[in-house]
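> Each chain, written out:
4 protein chains.
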Amino acid sequence: MTLQGKTKRQALTEFREAEILEAARKVFGEHGYASATVDLIAAEAGIAKGTLYLYYDSKDAIFWAALTSRFREMHAEARREMEAQASVREKIRASLRVRFAFLKSDEQFLRMYVTEFGAMCRLQGGPMQALYREVAEHMAGVLQAGVEAGELRPLNAMAAATALMELVKGVFAMRFAGMPGQDPDFDGEQFVFDLFWNGVAAQ
Amino acid sequence: MTLQGKTKRQALTEFREAEILEAARKVFGEHGYASATVDLIAAEAGIAKGTLYLYYDSKDAIFWAALTSRFREMHAEARREMEAQASVREKIRASLRVRFAFLKSDEQFLRMYVTEFGAMCRLQGGPMQALYREVAEHMAGVLQAGVEAGELRPLNAMAAATALMELVKGVFAMRFAGMPGQDPDFDGEQFVFDLFWNGVAAQ
Amino acid sequence: MTLQGKTKRQALTEFREAEILEAARKVFGEHGYASATVDLIAAEAGIAKGTLYLYYDSKDAIFWAALTSRFREMHAEARREMEAQASVREKIRASLRVRFAFLKSDEQFLRMYVTEFGAMCRLQGGPMQALYREVAEHMAGVLQAGVEAGELRPLNAMAAATALMELVKGVFAMRFAGMPGQDPDFDGEQFVFDLFWNGVAAQ
Amino acid sequence: MTLQGKTKRQALTEFREAEILEAARKVFGEHGYASATVDLIAAEAGIAKGTLYLYYDSKDAIFWAALTSRFREMHAEARREMEAQASVREKIRASLRVRFAFLKSDEQFLRMYVTEFGAMCRLQGGPMQALYREVAEHMAGVLQAGVEAGELRPLNAMAAATALMELVKGVFAMRFAGMPGQDPDFDGEQFVFDLFWNGVAAQ
DNA sequence: CATGAATGAGTATTCATTCAT
DNA sequence: CATGAATGAATACTCATTCAT
Chain F
37 MTLQGKTKRQ
47 ALTEFREAEI
57 LEAARKVFGE
67 HGYASATVDL
77 IAAEAGIAKG
87 TLYLYYDSKD
97 AIFWAALTSR
107 FREMHAEARR
117 EMEAQASVRE
127 KIRASLRVRF
137 AFLKSDEQFL
147 RMYVTEFGAM
157 CRLQGGPMQA
167 LYREVAEHMA
177 GVLQAGVEAG
187 ELRPLNAMAA
197 ATALMELVKG
207 VFAMRFAGMP
217 GQDPDFDGEQ
227 FVFDLFWNGV
237 AAQ
Chain A
37 MTLQGKTKRQ
47 ALTEFREAEI
57 LEAARKVFGE
67 HGYASATVDL
77 IAAEAGIAKG
87 TLYLYYDSKD
97 AIFWAALTSR
107 FREMHAEARR
117 EMEAQASVRE
127 KIRASLRVRF
137 AFLKSDEQFL
147 RMYVTEFGAM
157 CRLQGGPMQA
167 LYREVAEHMA
177 GVLQAGVEAG
187 ELRPLNAMAA
197 ATALMELVKG
207 VFAMRFAGMP
217 GQDPDFDGEQ
227 FVFDLFWNGV
237 AAQ
Chain G
37 MTLQGKTKRQ
47 ALTEFREAEI
57 LEAARKVFGE
67 HGYASATVDL
77 IAAEAGIAKG
87 TLYLYYDSKD
97 AIFWAALTSR
107 FREMHAEARR
117 EMEAQASVRE
127 KIRASLRVRF
137 AFLKSDEQFL
147 RMYVTEFGAM
157 CRLQGGPMQA
167 LYREVAEHMA
177 GVLQAGVEAG
187 ELRPLNAMAA
197 ATALMELVKG
207 VFAMRFAGMP
217 GQDPDFDGEQ
227 FVFDLFWNGV
237 AAQ
Chain X
37 MTLQGKTKRQ
47 ALTEFREAEI
57 LEAARKVFGE
67 HGYASATVDL
77 IAAEAGIAKG
87 TLYLYYDSKD
97 AIFWAALTSR
107 FREMHAEARR
117 EMEAQASVRE
127 KIRASLRVRF
137 AFLKSDEQFL
147 RMYVTEFGAM
157 CRLQGGPMQA
167 LYREVAEHMA
177 GVLQAGVEAG
187 ELRPLNAMAA
197 ATALMELVKG
207 VFAMRFAGMP
217 GQDPDFDGEQ
227 FVFDLFWNGV
237 AAQ
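Residue numbers (the numbering used here), protein chains in the order written: chain F, 37 to 239; chain A, 37 to 239; chain G, 37 to 239; chain X, 37 to 239.
Watch out, some of these pointers could steer you wrong.
You can't tell identical chains apart in this list, so a pair holds if it fits in one copy or across any two.
Below 30 Å or equal to it, Euclidean Cα-Cα: the simulated DSSO-like pairs (lysine-lysine) are [what the hints assert, rightly or not]:
| no. | residue 1 | residue 2 |
| --- | --- | --- |
| 1 | Lys44 | Lys85 |
| 2 | Lys140 | Lys62 |
| 3 | Lys95 | Lys62 |
| 4 | Lys44 | Lys62 |
| 5 | Lys85 | Lys95 |
| 6 | Lys140 | Lys95 |
Rather than coming from a laboratory, the hints here were simulated on the basis of the structure.
Input sequences plus hints: build the corresponding full structure.
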């Protein structure tokens, strides 16, 4: 009974948190951090403003949670898919496949990721940076292994990992920068892979 | 006399504007857009707050001018240096040389460029996007010529141009993301060139 | 059974109420009325916030009850002790003895009494004022009798009674005002008695 | 010219500050600290809310300034009048004369002084306490001189000084406590003087 | 009876912008 | 041209109170 009670409450809490983050991504995605208001997020989530503060301590905390929770999901799936592959080449492919799928399917998250990640890393300091670093380090590990296995030419793995992440972001940034003639046939994923793979492959 | 008067006035105006933008870059660079205040910028520039509004219409306008004026300078110099080179390879080298020199020498501008360019492109809409596009299109033109000359493999030139710009930004972003073990010998410029050149060169 | 049930319930209710008031005095004493929160009181009392409202109608009511219940106790005991004395002189002594003992033994109540009684009398209106008046009137009655018996010089008994109460408060206020060189040998009770007695005694 | 300009500006500033404090005393006096709002004070002062913050940093600062500025004036005048007297007896009389005149003539200040001084001493800490102490110490010095001159019986001068101040407050507190039958002929000043003087005089 | 999640009115404070001098 | 005092709309956050479970 206690267990059920706890489970129920936990479930409710998790549901509310998810609801809030969903609303937050929508509002932050549309308005940007500065212009987004807590009232707007609460209204979007269909709850009272005060209720938000039962689940998150501040606007900052909401933003951080909304951005990183999704970012973590994306990274976790990419990691899983990469581990299922043997070669570095296929690991890179898998990583790109997952990331492109994620960013294409979640417009709001994409906006937050592309336009505010940079600023938030600097302003929010620690937690955001740590996450970014963690993800980069994982990719760097994969690339380093590729170098040691002779699949890749010798390179600074951390820099290459960062470059790969920024390339993905960059391709999506083209949209927001209002690039013209967006060729509907343009395959960003393939483009990034070709550029990066040719850039780092041995020989 | 009238001419001279006008010239004097124009000179003063230009001097004031430059002073303001310099101050703005310092304040925006240190605090980020949202936390920077017009009071702070005025104080830094050593003029009254009201005076700012004689030269710029709004905080937004100041930010935009501070960011783009420097961005334009960087691009203009890069363009000049690129035109002095014959091969696409050397044009790319020249572009990177200028951009890295600029960003290394101006910490404040670097911060604005890396952390707020993305957000501002989306939020400020037109003017910022147009500029970004213009720069990308110039680089795309160079790359397209390279493709046609057989120096580069066939590729989406606009995407490649964007990728190059984002790679430069990405290398500097590593700093702000608090990347560890920043190898003091790490040569970001060379790294970006190698990655990109190998990524796009023919064969 | 019903009787027992009622008695049990009443006992429980009284116990709860006492518990709540104890907690309230602690919280109000530490934080002051405005900064004290109902959550804090509930936590201190070890019950849920909603439960508080089963026993008291509002934060105000809790404050009022916490302050006056103790004030009443203090007065009741002072009254008893005064009645056990024959002369006005000894009645005054008894009153001071009880009041000083109470205030010295209950730091939290002391704080509420000294720092917020004044404000609350005005803001809470009726009930608090009535109580204050009742206590003052009792003391005034004693003093008036003293006047009529020739023990005290002719005076406005109500004013003198108020003065005595304020003097007691004033001595304790010295602490909160951060008075220096608090002589550890200083006997506030004796001091107030000497001042007041000399001030009101006949001749 | 510069001097005039400065003087003008200073005059304006002082005028505004006085205006604000006047309004603040009215609002704080009527509602008490907690219920008073900054909006109300601004409205009462006939200026915009933001303007308040050009002159005072916070609601707390306004309250503190409103209370202490008047308190200081009262003390300064009392001090002057006391110094014009030779005997301790007349100095005490002078002090009471000034204080009663002040408190009778400024209902709003009286309310703040009587009902919130205690709480604020504790909550605002340092500045308020220091002021209270300073005033008490001055009076204590006078009383101590009286003791040494044989005019007063030996006593704890600081305690007696505090007692005198609290007696004054106490007499006015009677009003707010809704004391009945306020004899219109009752002379509070004389009453406090008699009580205190008889209480402390030699013999 | 007891709970504590939900509410939303209420408030101090900031800051871009204006305009009288 | 230059100033900076004045403005007031905008907003994050709090907390007493309620009520469904």
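> Evaluate each hint against the coordinates.
Taking the hints in turn, this is what the structure says about them:
1. In this assembly of identical chains, lysine 44 and lysine 85 lie within 30 Å of each other by CA distance both inside one copy and across copies; the values are 23 Å within and 21 Å between.
2. Taking CA atoms no more than 30 Å apart as the test, lysine 140 paired with lysine 62 passes inside one copy only; the shortest distance there is 15 Å, against 36 Å between copies.
3. Taking CA atoms no more than 30 Å apart as the test, lysine 95 paired with lysine 62 passes in both settings, with 14 Å inside one copy and 26 Å between copies.
4. In this homomeric assembly, lysine 44 and lysine 62 come within 30 Å of each other (Cα to Cα) only inside a single copy, at 27 Å, whereas the closest approach across copies is 35 Å.
5. In this assembly of identical chains, the alpha carbons of lysine 85 and lysine 95 lie at most 30 Å apart whether taken from the same copy (11 Å) or from different copies (23 Å).
6. When the C-alpha separation of lysine 140 and lysine 95 is checked against a cutoff of 30 Å, the pair qualifies only within one copy, where the shortest distance is 26 Å, while the shortest distance between copies is 34 Å.
Hint compliance for this structure: no hint is broken.
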